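*Asks:* Listed below, chain by chain, are the residues.
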Amino acid sequence: MSTQEQTPGADPLHLNELASDPELLSDFVVEAREHLSAVELHLLALDQDPKNHEALNAIFRGFHTIKGLAGFLGLPAVQEVAHEVETVLDLARTGGLTVTPKHIDVILASKDHLNEWMSELQELLTNGKTPKPPGSQELLASIHELSANNVETAPAGDAAAARDAAAADPVADPAADPVATALSSLSAATAAQEPASGVESRSGESRSIKVDTQKLDFLVDMVGEMVIAQSLVKHDPDLAITGKPRLTRNLAQLARITGEVQRTAMAMRMIPIRQLFHKMTRLVRDLSRKTGKQIELDLIGEDTELDRNIVEELADPVMHMVRNSVDHGIETAEERARAGKSRTARVLLKAAHQAGHILLQISDDGRGLSTEKILKKARERGLVAEGAQLSDNDIFNLIFAPGFSTAEQVTSVSGRGVGMDVVKKQILKLRGKIEIQSVAGKGATFLLKVPLTLAIIDGLLASVGKEVYIVPIFAVREMFRPSGEMLSTVEQRDEMVLVRGALLPIVRLHRKFGVQPKTEVLSDSLLIVTEAAGKRFCLVVDELMGKQEVVIKSLGGSLRNIPGLAGGAILGDGRVGLILDPEGIFGMAGR
Amino acid sequence: MSSSVLTAEAAVAMKTDPRAGKYLTFGLGKEEFAIQVLRVREIMGVQEITAVPQTPDYVKGVINLRGKVIPVVDLRLKFGMPELEYTQRTCIVVVQIEQEGSKMLTGVVVDEVSEVVTLQGADIEDTPDFGRGVATPYLLGMAKVKGRVKILLDINMVMTTQEIHGLAEALA
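Note that the protein sequences, when read in sequence, are chains L and B.
Be aware that the first sequence starts at 1, since it is given in the numbering used here, and climbs by one per residue.
Be aware that the second sequence starts at 1, since it is given in the numbering used here, and climbs by one per residue.
The shape of chain L in the complex, shown without the other chains (with noise of 0.2 Å):
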């Protein structure tokens, strides 16, 4: 194996073997971004309330601990930011200094810095890739400044001179005697540890433990293959036959077990909305000092609890809606205060359940939607007729047309017109629906529908020849076997039926899909009404075999893109069937 030329000092990596254990990082990096989390809640209280003792006192802990982890583990660069803002922490807590929105900027940018490290230490434990230190000169600098500005204000002697020592020492910590160091941050790591876990229970949160995703996602696969394997023992017809009524009980009530155990494996997956509407807390703090507009943020529901892949697809839609609103919607305090408003605008983040959905929430009391506007720019871009008539809800989901904006100028926060289209392809991508709901010059409200799991949806087993397909439930209107009468040709090629008064086009999945039905003749087959982007058609199949929820699964690599396949799912037998996409179907070529 070769080892690494590294020049001391001149390397800020300067790993010992320590740090070279991938374990011993992995368990830094994971803690680590919690402090940095617990700090950042606690930045932002403090923020709010620069009095608030108990949030310095944590914050001041949070960087300390890090501080100690880093020099025992020989990070002497992490070490160092730490070092620094600890030293300005700590005149904070003894009274010498005054904590300013400027210092909570300073600090919060360190949080990012030490942040944007662990990854970088992440990369390394992951891919093995050497880490790029994020450059600190800068940040020294502003943290720097923080202290000096301070110290005239402050009484002068014991102060400039605590300071003064405390710049000497992170230029002869490192350096000098990492032995010495490393135990001595060693012992004030293990004495700080008590007080910061504390903090952690303090904050409100119900008892639970820390579990690694990976093994999550693998239990849930497990569980799912358990409910395979269970209903394959209950189906076996070998077990029909002997028809004893001890079995048949014993089977039903493991049958419940298992439906019980696949139902709390689900929910484990399932995560409080609450680190959603924690970014969105740091989001509009930033942006509120960026334009300089004062906006309050309010959150209700932050128990909400969603599947945990939904929270993070949410995550960039619901930042791009709150960055809008305070960028578009809002507007300054003079303005607010010339139209009769008050002076600080107010943001509403709201999150509930509703019948197997969540429903999301984001209003503003800004300017709301201005329709002249919207119709305006529509017009411009071509994407209205002159002279068309559209109701105020038509032209509020305009701005959801690629390339569109009403924005005067591309500020630098939104307003390049990319946005809310990708916006609502993402909200559909996760089955959901989008809403908007405004009055001028009061305010603006966008709702979010979401389905509560993306992974499972119900659906109707129908066979076509050998094959069996699964139609998603949510696409079909009803099912009928035709008679002769329901049936005509177009131009002796477009077959229809007559559907309660509407002539529906006929789709023949065997035509599409390429495989030999049981018959072609259609008052022999199962014709399914689908609706699909506003469309409806029918479906001819075979036969249907039953009703399954299935939990979808990607088809994986090349098959994924197929069209007119949404992916395939496990079927009772143990068999793959194959989910229809109805949209994609209508629009194959092969009738």
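Please note: incorrect hints may appear among the correct ones.
[What the hints assert, rightly or not] Which bits of chain B does chain L cover? Going by a derived footprint, with three or more residues having C-beta under 8 Å, they are:
1) 50-56
2) 63-70
[Claimed, not checked] If you anchor each label on the Cβ, the simulated ranges turn out as follows:
3) B:Val37 / L:Leu383: 54 to 64 Å
4) L:Met226 / B:Met104: 23 to 33 Å
5) B:Arg66 / L:Gly465: 23 to 33 Å
6) L:Glu116 / B:Arg148: 25 to 35 Å
7) L:Ile271 / B:Arg148: 48 to 58 Å
8) B:Arg66 / L:Pro237: 20 to 30 Å
9) B:Gln47 / L:Gly465: 15 to 25 Å
10) L:Asp217 / B:Thr161: 25 to 35 Å
11) L:Ala315 / B:Met104: 19 to 29 Å
12) L:Lys466 / B:Arg66: 16 to 26 Å
13) B:Gln47 / L:Leu24: 36 to 46 Å
14) L:Arg249 / B:Thr161: 48 to 58 Å
If you are wondering where the hints come from, they were derived from the structure by calculation, not from laboratory data.
Since we're looking at a predicted model, the values are computed, not measured.
We put the beta carbon where it would ideally sit given N, CA and C, even for glycine.
With chain L fixed as given, assemble chain B onto it according to the hints.
*Replies:* Chain B in isolation, oriented as in the chain L frame:
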């Protein structure tokens, strides 16, 4: 720089062939192929494969691998050999391949599976030029084991390359 001089043979012997290692050998038609064991996840008897429309003929469909849905490719068809009806000896070899940075499991249908052999660098020779402009980047080389020639496949390349029909003709 070192000033010691190595003899040609000693220099060659010192170089370890990166292709050396354990291989799983299997048969396709008259030929014997081998793929690196590190890529093999499991081997199973051929089972019912759900056909997927709109795929090339060598993509037989998908199967249920303990709750995961994975695609299955018929190697005969991929290489342009005539298709054969599946027998009791037909196997699906599940391999792990990498495409665009992500790892995937895929099944490969083969006539029969033979054994695992350990190949040394000395056993492996470079692929001969088949002439007729047939480029074969998916062939790692050839190896002679117990008097029989095995063709070493880079299974990753095989699965990620579109058309490999030339192989059947080249080997004929």
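*Asks:* Run through the hints listed earlier and report the numbers of any the structure violates, in increasing order.
*Replies:* Violated hint: only 6; rest satisfied.
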